[in-house]
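Position chains B and C relative to chain A; hints supplied.
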Amino acid sequence: MGKRLSTYGPFIPVLALYVIIFLVGKGVQGMWQVMAMLTFYCALGQAFNIFLGMTGYVDFGYVAFLGVGTYGMALSITYLAHQGMTGPAVIIIGFLLALIFPALLSMAVGAVALRLRGAYFAIATIGVNEGFRYLIEGAKIWNGSEGMIFTSELNQVLGRDTASGLSTFWADVYLFIIAALAALVTLHFMRSRIGYALTALREDEDAAKVMGINVTKYKIIAFITSACFAGLVGGTSWALKTPYVFPPEVFEIHYTIEAIIIVLLGGAGTLMGPVIGALIYGLSKYYLSIILPGFQLLIFAPIIIVIIIAFPDGVMGVVKQRLRGTSLARFIE
Amino acid sequence: MKKAGTLFKITTLFTFLGLFVFSSGAHAASKIVIGHPACLSGKYAKAGEQAVGGIKACVNWVNKVYGGVSLGGKKIPLVYKYYDCESKKEAVTSLIARLISSDRVNVVFAPYSSGLTLRGAPVAESRKMLYMDHGGANNKIFRQGFRYVVQTIGPATRYHEGTLDMIKKIDPSAKKVALAYEDSEFAKMVMFGAEVHAKKLGLNVVFKRTYPKGVTDLTPLLSAMKAARPDFVLGGGHFEDGQLFSRQMADLDIDVKALSLIAAATLPAFYEALGSLAEGVMGPSHWEYGVKYSEAEAKKVGLPWIGPSQDEFVALFKKAVGKNIIPDYHAAEAGAQVLAYVLAVEKSNSLNSDKVRVALGDLKFMSFYGGWDVDDTGMQVGHSMVDVQWQAAKRVIVWPEEAQTGKLCYPMPTFKEKAKGKLAVP
Amino acid sequence: MLLEQLAGNLFQGLVLGAVYGMATMGLSLIFGVLRIVNVGHGAFIMVGAFVTLWLFTALGISPLVAVPVAFVVGLGLGFIFYYTAIKKLIKAPELASLLATFSIGILLEEVIKLIFGSEFRGYNWALPKIDLGVTVLPLSKLYACIGSIIIALILYLWFNKTRAGTAMRSVVEDTEGAKVCGVNVDRVYANSFAIGIGLTLASGVLLTMFIPVGINPYMGGSYTLKAFVIAVLGGLTSPYGAFFGGLVFGLIENGSYTLFALIPGVEPFALTRFLSFLMLLVILLIRPTGILKGK
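Chains as they are written, first to last, in this note's numbering: chain A, 102 to 434; chain B, 25 to 450; chain C, 3 to 297.
Keep in mind the hints are simulated off the structure, nothing from the lab.
One or more of the hints may lead you astray.
Said to hold, decoys possible - Here are the simulated DSSO-like pairs of lysine-lysine, each with C-alpha atoms no more than 27 Å apart in a straight line:
no.	chain 1	residue 1	chain 2	residue 2
1	C	Lys115	B	Lys347
2	C	Lys131	B	Lys281
3	A	Lys421	C	Lys93
4	A	Lys310	C	Lys115
5	B	Lys152	A	Lys127
6	B	Lys281	A	Lys127
7	B	Lys281	B	Lys379
8	B	Lys105	B	Lys342
Isolated chain A, as found in the complex (with noise of 0.2 Å):
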């Protein structure tokens, strides 16, 4: 017991956060959709996290991955109801596209990106990320740049009301299960050897590779791992809460740089940091756009700047830091 409690203990609290912003949501009106974009935020954070965290390597092209998993489901709605299939299957053949879909950009872009390091990969992301927009739009596949509106086909596929509950309640459910899913995988990461093996690469990855760590195969696991989960955000809140895909929004580099904000305003490589970066981000961004509509960017900007020099380890990495030695250590990752 005492075992299972310090290798899954640290699940504890972030789990609890979740189930807050849940009851929240579900308790207090007009906050669903609120809890929904906190969510988002966390789900894309701590998708984020089980690579940029662990390897430290920035991934600058990483809302790719939303797009192809938001193009995933999007194509299983729309091209399954033109077929005539209803029912949830639809939605299920969209959910293992949009794991399929990142899985494949994510193999190909890590078998040769991933032999790059520090600002080469960085750049080189950006590079598949936009090039691949381009593809979309100049080679016309799936649509091209008129993208696709799939209300009518998912009102097909399930029936009015149930499409109407997905949109708006379900899909942000699911973001919900993909979160925590994404924490559990983290935690587990961290507590087995692609965990150790990860933090050594971090430290000094040539040192890794002398001490005979097989660097790229645990590299390669957390970026896939990572890709995937971000399709599986794309496809829910990307294309089940918005019923359309353009190339141009779901390939929006903001996104990345969201998500990079973020996980170092939690603190990268913890497990917890991801929710807390997701919560301050969302909710100060939330208010300043009912405070002071039209500034948020201008007041966010030099903040950023302040915490990356003042707290480069987030606010995690300070918990992290004061609560060393005491009992509370064993539930904070």
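Chains B and C in isolation, oriented as in the chain A frame:
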């Protein structure tokens, strides 16, 4: 233990932050609230600011001049509640939910663009909330089976139809048309409509290409277009590419008889940026200062009239935004939407979304914005667009003939003549 | 007909490429010396464009004069950002410096938006044009091209003939070695960052001479992406590599349009973009030192 306290505090802080949001939601029927997740920052900030100004102007008119909305024998004031969605989809849904639940709005006005309008639609639909679209032109929105979405802006496919009709009438010998639009869902839709209409008129589409969003140099595309020797050119997409388009046509000396660009060409910034090179360039617009819609005009065509006169609207708009600028069509269509809602509430004598929606379906009226009428799907069909041409640094409405404030200058002067200061006067 | 078009496009591409190359030199210089990728690069180009616009429309000063003015403004901005933020991030992981430079970019955009508004603006510097038969070239574009070449030459001479330039080069090649030889590395870092930003602002001026419209606070994004491709073509760490990378990029972007247009059923313009990012990936993989370096 003290350290544990910090963690606990953080957790509770967020819980409370969450709870704070829900403010007192008790509204009597003493006011009618319009909710709007506006795009005040981010990529649609320009259009968003205009829309907010237009809505404020018309709300002001309804309250001060019209005396409020007649409902159940009483005059009830309108209230306008808006937040900034940053032109981002994540914020659109959360703000719409807040508007519906906390602010208890009676109608939601959609944010700018087809994408953001679509993002909010499922939330509005599931809450059975009337959702009025003044900034999403994609025709496909109205093929999705939404029940509460009603459009004020006209559909994208019709943007360039008037221009084609005009040129066909003025110069039947101009057969060769080039289409060069931005590669975006909206501009592609316009291009599709233009191509279909051009073929219907028996014109010959000699060039048809798109260019990506955020383009900084159009030289290769324009060189290819030049080689196709078109008589006139239709194109555009957004604001910055329109300026680039005309400027680089000038740089390459591509002279055509007429040039019409969507979005960019109707804005004052277009002329400011290009100077005399903008002379003679045209653009389709939903509304333009100088249109002749008036109470008398409404009587002539047999439509009921409501709202401020054009000059009143412009004055109210200036007051609302606190700047001395002439509103563009983004402001006018958002303002007209307020008037449509007011009429529908009065007609149905109810605030119930279903009843108001039915009333909107039957509604036909005219305002400073022009005609307003939607079909069964909620798509706008009663509003016709105008074509504007830059003549001597002024925007002149040249089409349709009944709305004209001046004659078309055709063919437009060559870029060489314009660089020497020649103005496009008919 | 087709060949004529291709020739015209290639010529235009060469002229524009020189300006693109110049607009990437600052990025490469900063990466070469500090090993920091300035993700806010485009925002500095935007500031340069606004300097030009303001000088021209408010004071009637020629864009040619705006080049040195923008350079000096850039030096100032460079020193300010170096000592307030960048200095502390040189040893930090990529994550920190990437996010910091991106945030600096956003800060610049929002400040400029606050001052000038978010309208799309332009200026009209009426100069004659030269008709070359296959294409037409306005003199302002020619000036921009010549200006770029001159600046690249000055930078080359400065790097090779002056003490400060040699110190900078030694840091690029071997930071530790330079330290041992008594080079004040911190000073070199500060100077390089400032000069890099100065060059970027100056290139903003030249770019507006090429395209004097569409000037607005958010115009930088697409230039940042272009600059990445060009910098990679030139080997990322070398400013003159970047200059030649620009020429190659201009040729490929303009030339490939004409060829892609021959394929039916595609959008050639978007494919030229695809091609440039494909090039970026391929070069990073097979030849991260750029296509121009001998070794």
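List of violated hint numbers, smallest to largest = 4, 6 and 7
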